[in-house]
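**Q** Given chain C, put chains D, X and W in place with the hints provided.
Chains as they are written, first to last, in this note's numbering: chain C, 1 to 400; chain D, 1 to 400; chain X, 1 to 400; chain W, 1 to 400.
Each hint should be verified, as a subset may be incorrect.
[As the list claims (entries may be wrong)] Computed from the model, here is a short list of chain W residues facing chain C with C-beta under 10 Å:
1. SER20
2. GLY39
3. ILE266
4. TYR293
5. ILE301
6. ASN337
7. TRP361
8. SER364
9. TYR380
Hints were generated in silico from the structure; no laboratory data involved. Backbone N, C-alpha and C fix where the C-beta goes; we use that ideal spot for every residue, glycine too.
There are 4 protein chains.
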Amino acid sequence: MYDEGMPKPSLTDEDLARLSRLQIELPTWGFADTGTRFGKFLQDAAAVTLEDKLDDAAEVHRLTGACPSVALHVLWDVPDGEAAAVRSEATKRGLRIGSVNPNVFQDQRYRFGSVANASPAIRARAVNHLLESVRLASELGSNTLALWFADGTNYPGQGNVRRRKRAFEAALREVHEAMPPSMTMLVEYKPFEPAFYFTDIADWGMAYVHARKAGPRAKVLVDTGHHYPGQNIEQIVAFLADESMLGGFHFNDRHYADDDLTTGSIDPARIFRIFVEILSAERDAGSDLPIEYMIDQSHNIKPKIEAMLQTVMTIQELFAKALLVDQEVLDDRRLMNDVVGAEECLKSAFATDVRGELAGWRRSRGLPESPLEAHRLGGYEARVAVDRVRRKAASSASYA
Amino acid sequence: MYDEGMPKPSLTDEDLARLSRLQIELPTWGFADTGTRFGKFLQDAAAVTLEDKLDDAAEVHRLTGACPSVALHVLWDVPDGEAAAVRSEATKRGLRIGSVNPNVFQDQRYRFGSVANASPAIRARAVNHLLESVRLASELGSNTLALWFADGTNYPGQGNVRRRKRAFEAALREVHEAMPPSMTMLVEYKPFEPAFYFTDIADWGMAYVHARKAGPRAKVLVDTGHHYPGQNIEQIVAFLADESMLGGFHFNDRHYADDDLTTGSIDPARIFRIFVEILSAERDAGSDLPIEYMIDQSHNIKPKIEAMLQTVMTIQELFAKALLVDQEVLDDRRLMNDVVGAEECLKSAFATDVRGELAGWRRSRGLPESPLEAHRLGGYEARVAVDRVRRKAASSASYA
Amino acid sequence: MYDEGMPKPSLTDEDLARLSRLQIELPTWGFADTGTRFGKFLQDAAAVTLEDKLDDAAEVHRLTGACPSVALHVLWDVPDGEAAAVRSEATKRGLRIGSVNPNVFQDQRYRFGSVANASPAIRARAVNHLLESVRLASELGSNTLALWFADGTNYPGQGNVRRRKRAFEAALREVHEAMPPSMTMLVEYKPFEPAFYFTDIADWGMAYVHARKAGPRAKVLVDTGHHYPGQNIEQIVAFLADESMLGGFHFNDRHYADDDLTTGSIDPARIFRIFVEILSAERDAGSDLPIEYMIDQSHNIKPKIEAMLQTVMTIQELFAKALLVDQEVLDDRRLMNDVVGAEECLKSAFATDVRGELAGWRRSRGLPESPLEAHRLGGYEARVAVDRVRRKAASSASYA
Amino acid sequence: MYDEGMPKPSLTDEDLARLSRLQIELPTWGFADTGTRFGKFLQDAAAVTLEDKLDDAAEVHRLTGACPSVALHVLWDVPDGEAAAVRSEATKRGLRIGSVNPNVFQDQRYRFGSVANASPAIRARAVNHLLESVRLASELGSNTLALWFADGTNYPGQGNVRRRKRAFEAALREVHEAMPPSMTMLVEYKPFEPAFYFTDIADWGMAYVHARKAGPRAKVLVDTGHHYPGQNIEQIVAFLADESMLGGFHFNDRHYADDDLTTGSIDPARIFRIFVEILSAERDAGSDLPIEYMIDQSHNIKPKIEAMLQTVMTIQELFAKALLVDQEVLDDRRLMNDVVGAEECLKSAFATDVRGELAGWRRSRGLPESPLEAHRLGGYEARVAVDRVRRKAASSASYA
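Same shape as in the complex, but just chain C (with noise of 0.2 Å):
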C-alpha cells in the first residue's frame, strides 16, 4: 500500500524540464581566496582578477549547463566606469551579470554603520552607493540589487535600535524609488557577524517589513547559513512565498553560525525540504515562482572550481528528488492526519538515487554526465595556476 505513487517510480519529463530551467547563480567572490579573521589560506588557482572569476564561472557553467549568471561584488568587480566593459567581458564568455551586489561595510567610514550611521554625511555617502550600483546594475543588464547589510553594533547602548530602523526604512525607500521598473531589490538578513550584540536586519521578520516599506519589488533574500540554531528554515521558505515575498536564496551549509561551507555538505536533507517547499507553492501557482537562486560560500580548503561543481550538482540532486515528491499523494496523507505515511512521502523521493537519471539527463543536453569528474580529468585547474602564480609573484600585494 506505501508503494503506490510514492515516490513517483522516475522523474517524469516535465520534471526534467523544471529542473533545467533551475538557473544557478555563481558568485565572483567565490573563486578568490577567502578565509576566516584568523587568516586566509591561498591557493595557486584562485582568481586573481574579475577575468579570472570569469573565466573560471564560465568554466563552471560549460560543465553544467547550469549557471549562465555570476553575481558581483561593485566595489571588488566594477572599476569606475568600467561596467560596459564589464558586462562585454562576461557576454563574451556566455554569461550575462545576475545580482549585483552593492559594498557599504568594507571602507573605514562604516565602521559604526553605513545606512545606519549616526553620521548623516556616512549615511548619505552610503546610499549614493546604493544609487550609484543601481545605475551600475542597469549598465552591467542585471535586474538584480542584492543588499547585505553588516550595519550593527557591538554593544548594549551602542546604538538607537529604533533610530536605526527609521534610517534603513527612508534609505531602503529611496534606493526603491531609483530602481527601473524591470529591477527587483534583495533584502538579506542575518543574526551576527561581524556585529555581534545585534545586527540591523536581524531575521527574515525585520528584512520582510523592510521590504515591505521599501516598495513593491522589494522581496526578502535568504542565505540558508543566517539563522538561528534551530530555525526551521523551510517553514520561512514556505511562509514568505505565500507572502509573495520569496525573492532569493544565497545557498551554502553549515554547522554552527555563517559557515559558508558547501550546500548540502552537512545537512543535504534541510535543503532537500526546502525544493519540496518551492515545488509544492509551485504546484498551486501553477508556474515556477520568480526566485533567484545563488550560491553564496566560502570555499576556504577545497578547490574553488571543485566547490562550485558539486554544490551545482548537489542542489541538482536535491531538487530532483524534491520533484519525486508526489505531492497529491503527500496532501492526502495529510488530510488523513497519516503522519508516518506523509513523512514517508518525503523519505522514500530523498532516499531514491537520482545520480544515474541526472547522469542521463546531463548526457542528453550535451554535457559530461559528472561535471566534477569531468573538470578534475581536464586539467583547467592546474593550468589557471601556472599563470595565476605567476601574475600574483609579480605584484607585490601582501595579505593579512
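**A** Just chains D, X and W now, with coordinates in the frame of chain C:
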C-alpha cells in the same frame, strides 16, 4: 567626566510615578502545581480551585500593590456560565480580570492542531472556542484576548505550511471581527514545544504578519522564553514598539529553551535592557506605551507565592535601574560613537543598588519594604496549606 | 576517476552479515501513551500493561528480526517480586530483557534530586533503588544497567555543584561494586530538562569522568537528542570509541532540544555519519564494538508500532549506507588532503539507494520486505486496540 | 529574616586582600588592530610593535595595579633570538611575561592542521614550534604555556577523528615532557571557527582527556566564549576545579558565538556566578586556587586601552560581588532546600553596588578611583596616536 549625569544619582519623583504605573499581571496557573513531561512535583500550598488562585493573587497584590489583575485560562478557570461569578470573586478580593486565555491545545481533538487542523469541523470547533472566549472576556470585564497556539507539526511532510498559515489568517480575522472595539488581541509566538518540527506561529515575524492581517487591534505578545539561542530580544522589542505592534509580555527566564524560570534569575541584564528599550520608546512617544506586562512562569520547585513575589520585586528593581539610565547622555554618546561611554550609561545604571530606594517607595505607599520577607513572616502559606491538603486528600484526583 | 571504488557498488556478504548482527533494543515505554508537559494524546492501541508492551515489541521483532531485546523501566514494568515472571513473559514471546533502567526521578521525594540530594536519607534511598535494580537485572537475565538521572537544579545558588558531583561519584562507585562481572553500567548525559539551570551529568565529559571513576565496566551512553545546538555528535562518538568508553546509544532525532522524534526524521545524514565513525573504529579494531543500540523516542502523535518499525528500517538503511563507504579509498584521499574527494566518499554512499538490497536481504531471512507495510496490512493495531480500549475504559485511571 | 547575613554588609579586609591578589593578565594582541573576516577597522592609537603593546599594557597596569603580566603570541611578538630583549623590555615597564602562546595556525602549511596534520613532516614542524615555545617561555621567565589549536576539519570525511586525536595525544605528551617542572601547560578548547565541521579539541571534555594524558602539569583553559548555546559555564568551572584541572581563563563575553566582546558586557551575571564557584572551591580548599586569569578579547570598535580598563574594572566588580556572597548562609539554605533563599544569597550580593568600596580600595592602594576616567583624562591615547600614525604611514604595510 564619566560621572556627569551618569547615571542619574537617584530615582526622581517622575521615575517613581512611572514605576507606580507599572502593573504586572499574575497568571492563575502560576499558583497551581506544575511540572515537566517527567512528572509534577506537588506542593501542599499549591492552589486547587480558582478561589485558591484568586486568594493567592490577592496576597501578592496586597504585599506589592502592583498586581491588580489576573490572567485566566478559560478552560481551567471559567466553568460554563460562571463568568459573572468569577468576576465577582475577583472583585471581592480587590482584583480584576486581565487577559483571557483560550485553550485549544489540551483537548484530544486538537492532537493534530486546532485552528490549523486539516479537519474543517475541528477548525470550526477551535474558532468557536475563541469566539466564546471573546464573549467570556467581555463578561469578565477583560479587554485582552491572549492567544497562544500549540499548533504545529512533529515531522517533515506532516502538514502543509501554507495551507495552515491561511487557516490561521482566516481564524484570526474572524475572531478580531467579533471583538468589541475596546478589546486587544495579543498573538504569541513560540519556536517549539509541544510541536517539534515547526510551530505555526514560530517567531515574532509570523506573529507580526498574522496580527497585521487580523486587524488593527491585534498586537504581538513577547514571551521572553520563546526565542532561539542568541536572539536579541530587546532588539525585537524595540522593533515592534516602533511598529506600534508590541502588545505585551509574558515574563520569565531561561537557560536553554522555554524553561519558564523566575524572571531575572538567569540573565537579569537582558530584562533590564528590554526595559531600557521600552523607556526609550516612551520618552520619544511622550507617554507610556500600551503594553500588558504579564508573568508566565512554571514554579515547579519553588513555593508559588514566594516565586511570584520574587518575580514582581525583581521586575521592579530592573525597571527602576532602567529608569536610572540617562537617555539624554546616552544619546549624546551614541551620536559621538563613544561606544564605551554609551555602554557605561547602561552598566552604571545596572550597577546601582536600587533596593533601598524601592524599600522607601514601598513604605511610602503603605506596603512592606520587602514583600517577600513580609510574606515569609506572615504565615500565609502554612495557613492555606492546611486546608488545601485536606481538600486534595478528599478529592479522588490522581496525578500523572 | 571518482568512480573507482567509490562507493562500493553494493553491499558485500560481509556487509550483510554485519548488518544482520546489528540488534536494536526496543524500549517498553515507547509503546505506551506519551506526551509533553501540555498533555498526553491518547491512542486506542497504546499499550497499557507490560504484557501489551511485550506483545508490541514481539510484533516489531517478528517483522524485522532485529529487535530481540527490550529495555525495561524498573518502576513502571517490574512489580515487586515479579522479575522471574517478567522474564518468562519476555521469553514466551521470543524476547529477552535488555537494559534495565532504574527510576529515581518520579517519586515526589526526588523533587530536589536523588543521588545528589542534600538529604542523606534520600540519597541512600536512591542508591538502594539502584542496587535493587542491579539485583533485578540479574534476575531478569540482563547485563546492562542504563542510568539516566534527572538530578540537577533550576536556579543559581540552589545546589553545590562540587558536593553533588562527589555524591554522584560515591553512588556510582557503590553501584558498580555491586554489579556482577558480566554487567555493564551505562551512564547517560543530558544538558537540561527537567532541570533548567544545570543537570548534574550534563554532557559527555561529565559522564566520561563519572564512568571512569565508577569502575572499568562503566561506559558512556549517548542519547542522540541530548546535545547542545551545533555539537558534533559523530566526533564525540569517535572520541569515546577511541577511549573504549562508548557503551551505547539512545537513538532518536530532534530539531530543537530533546524532542524525541523518530530517528533520522530530521537529520538522517547525522545518523549516517555516526555509523561511519563506528564502522571505521570497528575496521581498525578488527571486530564489532560492544555497543548497545537502543531506541528512546516519544511517539506522541505517531502510531507506536509504526513509529518503531519506521525507526528500525531507517537505522538499517543508514547503517547499510555507512557500510557502503569504502574506508580504504576514504583514507587515501584523507592522506592526500583531497577534501572534496574524501567528502564524496561519504556523499556517494549516502546517495545510494539501498532499499532494494535491504528488501532482498530481509526476504532471504524470511522476513517481509517492508516490515512497515506488512504491519499495516496485518491489522495488528486494530486488533489490539479493541481489547485495550475496553480495558482502559474499565480502569478508573485518569490522565493529567 | 532575609537580611541576616545576606549578603555580607560590605567587603571585609580579607575580601579586599583576596581581591588584591586577583591578577589579570593582558594579551598583547588586545592592543593591536583586529577585525572579522570582513575586514579590520583601523585605529590611530592601535599598537604596531611589541614595544607599543608593552607600553599600553603598562598603562593599564599603572592605572589598575592588577595586571602585572602580559600574554605573548610567539609568532607575532618574539622575533628569533630576541627573547632576552623582550623580557627586558617588559621588565623595564614593570611587567613580566605571563603565558606564552605558540602559533601553529597561521602559516599556510597548517591549512589542513598542525599537530593533527596528515603529513608527518608538518606534524613534526608544529611540534617543534611547540618545543621551541617551551624554550622561549623559559627564557622569557614564563611558567605558562597556553595552547590553542585551530586544528579541525570543514567537511564530513575530511579527517580521521581518531587518528587526529592520537596525534594530539602524542604531541602534547612530548611537549609536556619537555617542560621544566615549574611550567604549566594550559589546553584550550573551542567548538568551531576557523574549523566548521569539527575542531579537534572541541569542548572541555576533550581538553580534559588530552590534559590528563599529557601529564600532571597540564590543565584545562576555559575561554568564556568557547561554548555551545546554553552550556552552563560555571558548572564546568566547578567541575574542573573539583578535578584540580582548572588551569585558567580567557575572559570575554558573547551574544552568539566566539564574539570576543568585553567581559561582562552582555551577561555580567554569568561571570559573577563563575567567580562564586571559584570562591566556593577556594573556601573548601583553604587557599587560592592556582588559576591564570587572562583577558582574550577583540576590541574591533572600542579604543583598545579603554576596553582593557573597562574589562579589568568589570572583573573586579563582579569578583567583589562574588566575595559578598555569604557562603555559609548559602550552604544552610541549600541544605534546607530553600531554593528561593539560596538564590537570594546570590541575587542580593549581585545587586549590591560595590563601586564605592572599590574606589576606596583603589585609593588606599595609591590608584585612581576610576582607572577608566583617569585614562580618558590623562591623554595617553591621543599622545601615542600621533607617533603611531606617523610610523604606520611610513611603513608600506597594507591591510586586508
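**Q** Taking each numbered hint in turn, which are not upheld by the structure, reported in ascending numerical order?
**A** Checked against the structure, the hints that fail are numbers 1, 4, 6, 7, 8, 9, while the rest are satisfied.
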